Amino acid sequence: MAMVEIRDVRKVYEGGFEALKGVSLDIEEGEILALLGPNGAGKTTLISAICGITLPTDGTIVVGGNDVIDNYREARNLIGLVPQEINLEPFEKVINTVRFSRGLFGKPRNDAFIEQVLRKLSLWEKRDAKVMELSGGMKRRVLIAKALSHEPRVLFLDEPTAGVDVELRRDMWETVEELKRDGVTIILTTHYIEEAEAIADRIGVINSGEILLVEGKEALMAQMGQKELRVELTDPLDAIPDSLSQFDLTLDDDGRTLVYTFDAKADRTGIGRLMAALPDAGLKVCDVNTVQSSLEDIFVGLVHGQGEDAA
Amino acid sequence: MNWQAVASIYRFEMARFFRTLAQSFISPVISTALYFVVFGAAIGSRIDQVEGVSYGAFIVPGLIMLSVMTQALSNASFGIYFPKFIGTIFELLSAPVNFLEIVLGYVGAAATKAMFIGVVILVTSALFVDIHIAHPVAMILFMLLTCISFSLFGFIIGIWARNFEQLQLIPLLVVTPLVFLGGAFYSISMLPPVWQVITKFNPVVYLISGFRWSFFGVADVPIATSLLAIGGFTALCLGAIWWIFKTGWRIRQ
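Protein chains in written order, with this note's numbering: chain A, 1 to 311; chain B, 1 to 253.
It should be emphasised that the hints constitute simulated quantities derived from the structure, not laboratory data. Computed from a prediction, not measured in an experiment: that's the story for all the values here. Treat the hints loosely; a few may be bogus.
When the alpha-carbon atoms are kept at most 35 Å apart in a straight line, the in silico DSBU-like pairs for lysine-lysine are as follows [to be verified]:
{"id": "1", "chain 1": "A", "residue 1": "K139", "chain 2": "B", "residue 2": "K84"}
{"id": "2", "chain 1": "A", "residue 1": "K93", "chain 2": "B", "residue 2": "K84"}
{"id": "3", "chain 1": "B", "residue 1": "K246", "chain 2": "A", "residue 2": "K139"}
{"id": "4", "chain 1": "A", "residue 1": "K107", "chain 2": "A", "residue 2": "K93"}
{"id": "5", "chain 1": "A", "residue 1": "K217", "chain 2": "A", "residue 2": "K120"}
{"id": "6", "chain 1": "A", "residue 1": "K120", "chain 2": "B", "residue 2": "K246"}
{"id": "7", "chain 1": "A", "residue 1": "K227", "chain 2": "A", "residue 2": "K217"}
{"id": "8", "chain 1": "A", "residue 1": "K93", "chain 2": "A", "residue 2": "K139"}
{"id": "9", "chain 1": "B", "residue 1": "K246", "chain 2": "A", "residue 2": "K21"}
{"id": "10", "chain 1": "A", "residue 1": "K21", "chain 2": "A", "residue 2": "K217"}
{"id": "11", "chain 1": "B", "residue 1": "K200", "chain 2": "A", "residue 2": "K120"}
{"id": "12", "chain 1": "A", "residue 1": "K139", "chain 2": "A", "residue 2": "K120"}
{"id": "13", "chain 1": "B", "residue 1": "K84", "chain 2": "A", "residue 2": "K180"}
{"id": "14", "chain 1": "B", "residue 1": "K84", "chain 2": "A", "residue 2": "K126"}
{"id": "15", "chain 1": "A", "residue 1": "K93", "chain 2": "A", "residue 2": "K120"}
{"id": "16", "chain 1": "A", "residue 1": "K130", "chain 2": "B", "residue 2": "K84"}
{"id": "17", "chain 1": "B", "residue 1": "K200", "chain 2": "A", "residue 2": "K107"}
Between the sequences and the hints, there should be enough to build the whole structure, so can you do that?
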């Protein structure tokens, strides 16, 4: 059974705007799922519907076997949420706001556990500081500490690294990896493709309130990704020799590199024939490597394609 | 029941109160002293007695009620509006709590603060005039019920308000006039007959009258009517809040 089961969830806002158009999605226990989509795609609305912040217009959501409306206590006990906006009580001390969250979720006070969470997020030294005195990155970590304070089994991170510097982003990713090792199911939304690429097990692409696809990261990239074979030449070329015109080639690096784009899943990649043809064309090869096209290319392709379908 | 959550909300709200304890304490003391200077000494010296009570003592229950009502309203409305304003409400909505637990936490804290202010004013008043409380238990009960019902009302205002102006609107334009016209500083019997009838439509009259009865044993309206009014008001507010959470009005949209 999936940890989170989303079935035909629709959300129509008061003004008639349909933020979710029948979303169905299963999220397995212990996985990291990245929901990728442009601004306004419905990522936050979907998370809000799961966490109880907004009521879905239609459809059902089940978390750990508990319907989020009928058995909201059991469902919400399992869920930790790190929102996109930095929403914190500015005048309260760090440790008190984290303790408050734990209490709100009905867990008895446990200072040892709170200390552990704060230490893990490098916040222990700042425990007695007022929230307003912290930097933006630290405030975001306070939000994570609050979400973890009640020992959730499912953690939602809504744009966790938006506006966060590179170092903190790496720290955040490490924290996520650690939580995964503890068996926590993690759903993160992002529009940074590199983030999804770096930490996710599976990737869902959402746009205009619809899930376009959900796929294992490797499978997605293997299935849809084009690969590039980059051949570095000893002597630079001005133009691609006519004898190689049958291959899909471009020149890069001032003529020092031949770039061959191919489909890695195809029966015949054409690499063998190309490599055989190079000496015949009088080219000397000094290095060869292949590059997988990034998720970004896949993502742009998908979202763009949807736009064309609609047009 | 998630009692941990109730206690957490209550503690968190009370912490806000204690952070500004000096303000919370000093401002009612000063305003009470001012009322005594104006109404007690300046004007009160020209008024003999009202219903057999010296004017200075007569206004004490009204003064307490005035502060308790406005404090309960502003504390409770701000208490729930502030999380909405700064966005921390998301945590409340995503927590395993029901409306009763949220209300107990917020309204409990707001009512406690108002009760505290009420006691401070009572003690301050005792410095200016002789105060004799005829029915202490009834006095505490009336004060408590007023604190609770107006905190409930404030909670509704806090959820309804979309900005700070709206937050101030009802306390300023509705409640303060009703309290001033509700016999806080005079007896209803001092009014011309027509106004005596009109005044009966002011719900605050029943609260102040009942509260004053607990001090002096005299009331403008029967004590049972007062109790019924305050009970009804509390029930009305509770019903409204139950509906708000059931439908998600202005919070889960």
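Any hints from earlier that this structure breaks? Give me their numbers in increasing order, please.
-> 6, 11 and 17
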